[in-house]
Structures are given as structure tokens and as C-alpha cells.
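Engineer: Here is what each chain is made of, one letter per residue.
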Amino acid sequence: MCKKGNEVDKDLHSLQLKNFMGLLVPHQRQIHAFILYLVVNRADADDILQETLVEMWNKFNEYKDGTNFVAWGLTIAKFKVLQFIQKSKNYRFHFDPQLLELLEHEAIRKNGVHTHNERVEILKECVSKLQTKEKVMLDLRYEKNLTFEGISRQFGVSVPAIYKALGRTHARLAQCIKLTLEQRGVA
Amino acid sequence: MKTDETLHSELAYLILLAVEGKINDEGFARLNDLLKTDPRARGFYATILDVHLGLEDVEVQAHFGRTGQAGSYNPAVLEALAEYEKIAPAEPRDTVCQSEIIKIEKVKRERIIPKLNKVSLVTAIGSLAAMIVLLVSVHLLPPKTTEPIAYLGQAVHAKWDSERGRIAVGDNLPPGPMHLLEGAAEIVMHNGATVILEAPIQFDLETSSRIFLRQGRMVVSIKNSSDDRFVVRTPFSTVVDFGTEFGVQVNSETTQARVFEGQVELRSGSDPLKYSGALKLDSNQGGIVNTQGAIVMADIAQETFLRQKDFEILEQAAGSQPFYRWKAYHFQLHRDPALAAHYTFEKRPGAENRLMNAAPQTGAVLDGALGTYGEQPEWVRGRWEQKAALRFDRSRDQRIVVAANEKLAISGPITIAAWVYLHDTDQPGHILSCRDKNQIHYQMSWFGAEHPDIARRNRIQMLRYYQEPTVRGYSREIRPVPHQWHFLAVSHDNHTVRFYLNGDLICEVQDEVRMESLAADLVIGGVPLSGYTQWRFDGLIDEIVILNRVMNTSELQRMYWAGKP
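Heads up: the sequence lines are chains E and W, in that order.
Mapping of the first sequence onto the numbering used here: residues 1 to 187, in sequence order.
Mapping of the second sequence onto the numbering used here: residues 1001 to 1565, in sequence order.
One or more hints might be untrue.
[To be verified] Here are the computed lysine-lysine pairs in the BS3-like style, where the Cα-Cα straight-line distance is at most 30 Å:
| hint | chain 1 | residue 1 | chain 2 | residue 2 |
| --- | --- | --- | --- | --- |
| 1 | W | Lys1022 | E | Lys124 |
| 2 | W | Lys1387 | W | Lys1407 |
| 3 | W | Lys1347 | E | Lys133 |
| 4 | W | Lys1347 | W | Lys1407 |
Rather than coming from a laboratory, the hints here were simulated on the basis of the structure.
For clarity, every value in this text was computed on a predicted model and none was experimentally measured.
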């Protein structure tokens, strides 16, 4: 049976979306992390990621099969970050252009050395090594989504104390990851 | 130069503030400076941010350990943590990042709202649908608690997976995954909602007003209004209740929702708060969301779902009440897309002159009219006291007519089944006929010992032919037994006719038939021809089922055992 023009368009659209999702899903976190490296604020990074994904989809026709999808995505992401900074120039908390370039290099270097899955595996090991009180804190913040104010009420300590404690836990985890990677010779 | 440890602590603290949007000018300047001047800081900065993102990964969260519900931590742990804060060694002065130096303040941001072209916006929203599914799934992390949030209200032949072990009616249910392998069950949520589950189904109880449905179907009924909206999340959509009864079905490709009463909102994406598209559904409306997040309105048959009233029938059926066993079987039969007509012979008050078709796909358009030709057959007690049958008297013309309809013009494979009863003096005859003179789509009869044609006496007839009369299509001899209900069934795949009595295959005959579709009335209790008075049915007919496919022996046995009085 012959298909009508709009049916063909629909089929093509579905196929294209399937291809796009197939490429995006394994690398979305990498793109997200890259944006976060450049803007550091989580809410900004989420906004920019959404704009980046829309742009990637709109320009997917321009992506050449077999070329580096992540590199293509990161180029668009960087453009979106710069666009965001320009639009919100009255906003104080942006890294200066020189630092942005350095951070971008660092992000690309890291991506080339180890994968997101490797980092997650190592992080799981490192979390297991934490003390109970540190795991409690992480659980409240990341699994139960409590605010810092909520956690401080739970523990009867000040909000800055919670920031300090959580900051220290992050530092311990980062050191643990660094050490593990060094031991594996991939840092 | 700072030691690594000191640098890491300071950086981690500054980064945490920055990620959370709580950093101030001084802190941000310090972060900028550190990153610019110290390559070690840049390396560590990226790792710290990996930690932030990684901690939001559910796989990593599984390693936090089960610490209980927020607010119900072991007091010893709380105490230890508070104590830890008091005795923690002071950071060196030169680390700067002490709370007394960098005050945490809420920074008011000037958000720049870009001007958007409406067309691009619509395109973007559409394109985002699929991606949002991925984005939001990261954010929605159901709170975990071991406190019960529901209890098992009722169960019918319910068999659960081994993970939860045996679950008895009345057992409290904490949050967590559940898998109903067989049967049906009702869960009562602590917010008052009831959820009817039909096996097989896999889902997670998340909170007293939220369920994550992985696969299968459920019906949620919220009779008592609550401030909390009841939410059913699925892998790629969310159904938000606005005070109602609704069904949700999930398979690998779609989420389907149907509203029975009230209103729900069907949203793309599994996060009820962040979604790219939404569709409000009112009573008797349905909608579908696919894996890409596209939402469309759709007709979804109400028989797709097991509702409260159906569940009650199942319960009564489980209690060995044959009438309810028969009613419970209808849930299965009515989901068969090949079901063309199902006359249950249930007398409806105010509609005594109609024979109702209960098949959901064809419904009222195939209702029969009593007394079209002459008199109405008489409503009498059927197989059970809860239902009726129709008594046909051969001496009177009491045929029932269903107006010609393409749904009944079956020229391909077919199955017909009927429950009939004969008194001492009754003589069976034509049960139903769909024909236009010598073009016979199908005609099912059972002729008694007094039939004028000796060759047809005591035989079941399944007649199908086009123009050319045939003598094929007769069973071996089967004598009717008075005062007994008989379940007769015939099937024909256009090559072979198979005859069944009480679920057993009694014989099959070759009968090659090629039919052409035609418009003809369906007549019950006789044929649409004048004369043939000695061929009319004389006795009780209690149920008729017509399907446009061939049912096999086990299916017909199931139908027999479901309807056996």
C-alpha cells in the first residue's frame, strides 16, 4: 500500500527521533556535566541543558552519521552557555572568559580519560566507605530531597554547619575518586 | 601553597554554595580566583561536580543505606552528627571558607526572559517531549519510608511474587515494589483512595497518594476528597487525579488512561511537576501517551479495566456463586476483539421488548427487537434466578430480529455458541439465522426427533452456502435431553465445521465454503423466511455468543464451565 506524504513525513520523523535518542541517551549526562562545569549553578545548568537539547534536535539534520556526537553536542552546549551568559550579563556569578576556556579544556580532558559509568562505579565504592553520619546527610539531601534548612531542622544545627559538613563529605568523596583513579592509572 | 586537603575542603564548600545558588560575591570571587590560578583546583573542581551529579544517581543512592524516613532517624545517629559538628576540628584561618567569613545569603537573581517566537516555542515544546522524559526522571526521587502507606483491602485468587512473601487481606503495605502474578486485588491507600489491580501487574507504592505503575493495569477510585491529588506515574507519563475514578494501563509502548467519572490530567513524562505536554480528560474520555511523550485522545473501551463493581463480581465468583462466575468470565470474553455479538438474555426493566447485546465493540446497535414478526417470546427464569431466558413457542411466531449490520455479516471464520433448554414436549429447531434467501452467512439449528426431514433429525446444523444449497454441515446424531441445559457451539474456518456439546468436540465435517458479504438481518428462534413453522425453535434460549474467529476446544470448554448452571 502506498503511503501518503504526511505519513512518510511522520515515519521519517519517528525514525529520526529514534536515532537521535539512541545517540543522546548514553551521552546526556556528559553534556549535562559539561554545562555544569562552565556555569557551576545547578538551576542554570538545567535550563541550559534543556535549551541545548532542543537546539541539538532542531539541528540534528546537520549532524553527520559516524562523527563524534558528543563533541557535536558539547559545541552546541558551549554556544548555549555563552548565549546564556550574554543574556544575563547583569547576573554576577559567571566565570570570566579566560577561566571558562580553562574549565572547558579540563572538562574535555576528563571526558577523554574515563567514562561517566566508571565515575559512578567508583563513586559507589567511595560512598560505601563513608561513615554512617555522612551517609545519613547524603540520604536526606539527595535521596529524600530535603532542603538545607530542612536538614538543619532535623539535626538541630545551623544551616552553615550543614553546608560545611556536606562540603567536607563531598571533598572526601572527590579525594577518594581521585585516589582510586590514580591507583588505576587513569587520573 | 595550600595543602591538598585544605584546598579541597575550601573548594568543596564554595562549589556547594555555588551549585545551590547560595554563594555571595566574595565567595564567588574566591572560587574564580582559585580556579584561575591553581591547576590542581581545576582538576578537583571537575571531580567535585562529578560527585554532585553522581549523588543524584539512584544507583549511587542505593549505597547510602536504608536510613528510614526523614524525621525518624535513630536518635543516636542524630546525636552523633550534632556532636560531630561541635567537636569537628576548626578549619585553619587561612582557608577563608568559614561560615563566619562567607555568610550564606539568598541572592536575588535577575532572570532574563528571552523573547520567543511563538512558532519556535511550539516546535521546541513538541521536540522537548521526548527529552523531558529523560530529564525529569533524574529529578523525581520518591521519598522512602518503612511506615505503611496502604493496606490490602481485598484479594481474589491473588498470587504475589516472592519478594514480598505472602500478603494477607488487611496487611499493611509500606512503600516499595509489588508484583501481582495472578488474580486480582484491591489496595486501600491511607489517603482514602482505592486501587483495583488486575494481574499481571508490576508497580511501586511510593506514597499514600502516589503509585508508579511499571506494567499492567489498575483502576483508581477517589471517593473521599483529599487535598492531595492522587498521582499515577508510569515510565513515560503521569496521570493526575482531579477527584474521580480512572483506569491506567501501561505496556512497553504506551500509557493509556480512561476516565470513568470526574476528571484527570494526562501528562507526558514521569515527573508530575515537570512535563512538556498535558491533556485534560473528562468522564468517558481516554488518552494515550507514547514513549516519545506525544499525547492524543483515544477511545479506550471501559472493559479494558477491572472496576470496583467488576471486582465485586470476581469476589462473589470466588465464593462459588455460579452466576457471578459466569459474569466474571465476561471480563475476558468482552476483551476479545473478535466478539461480534453477545446476547446475555438479561431482562432489563423498561426494555423488555429488547434483546441487549453486551459485546462492547458493537453494543446497542446490535440489540434485537422482540415481536418484530408477531408475538414476543416470554421472559422466564434462566440458568440462575439472577437472570432470565426467553421461552419460544413453536405454535406462535416469536422470532427476534437484529437489523442487518456489517458487523454481523460474517463470511470468514466464525464461532457461534448458545445455551438452550427443552421441556418434555419441546422440539428444538432454528436457533439463529443470518441469511438472505439462498445466501446464508450462517445458520445454527438443532433439530429434534420430530423433524420432517429424517436425515436431519437429532442433529446440529451449521449451514453456510452461497446460492447453491448443500447437505453438508450436520453433526452426528445427538438427542436432546429434556430438563437439562445444553451448551451448543459450532465453529467454521471456511473449510471444516466443528460441533461441540457442553464443551466437548463431538464431530467435525469438511465443508468448503467461499462466501460473499451481504446485508441480512439476524433472526433468533427461526429463519427470515415465511413458512417453516415446524422448524421454529421450541424451548428456552438463555445466551448467544457470536465471534468472527474460530474458538478452539479449550476456549469453548472454558466458556462452558463458566456458564454451567
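Engineer: Determine for every hint whether it applies to the structure shown.
Structural biologist: We went through each hint and held it up to the structure:
1. W:Lys1022 - E:Lys124: It holds: about 27 Å lies between the C-alpha atoms, which stays within 30 Å.
2. W:Lys1387 - W:Lys1407: With Cα atoms ~26 Å apart, lysine 1387 of chain W and lysine 1407 of chain W stay inside 30 Å; holds.
3. W:Lys1347 - E:Lys133: 70 Å, violated
4. W:Lys1347 - W:Lys1407: 24 Å, holds
The structure does not agree with numbered hint 3 stated previously, though it agrees with all others.
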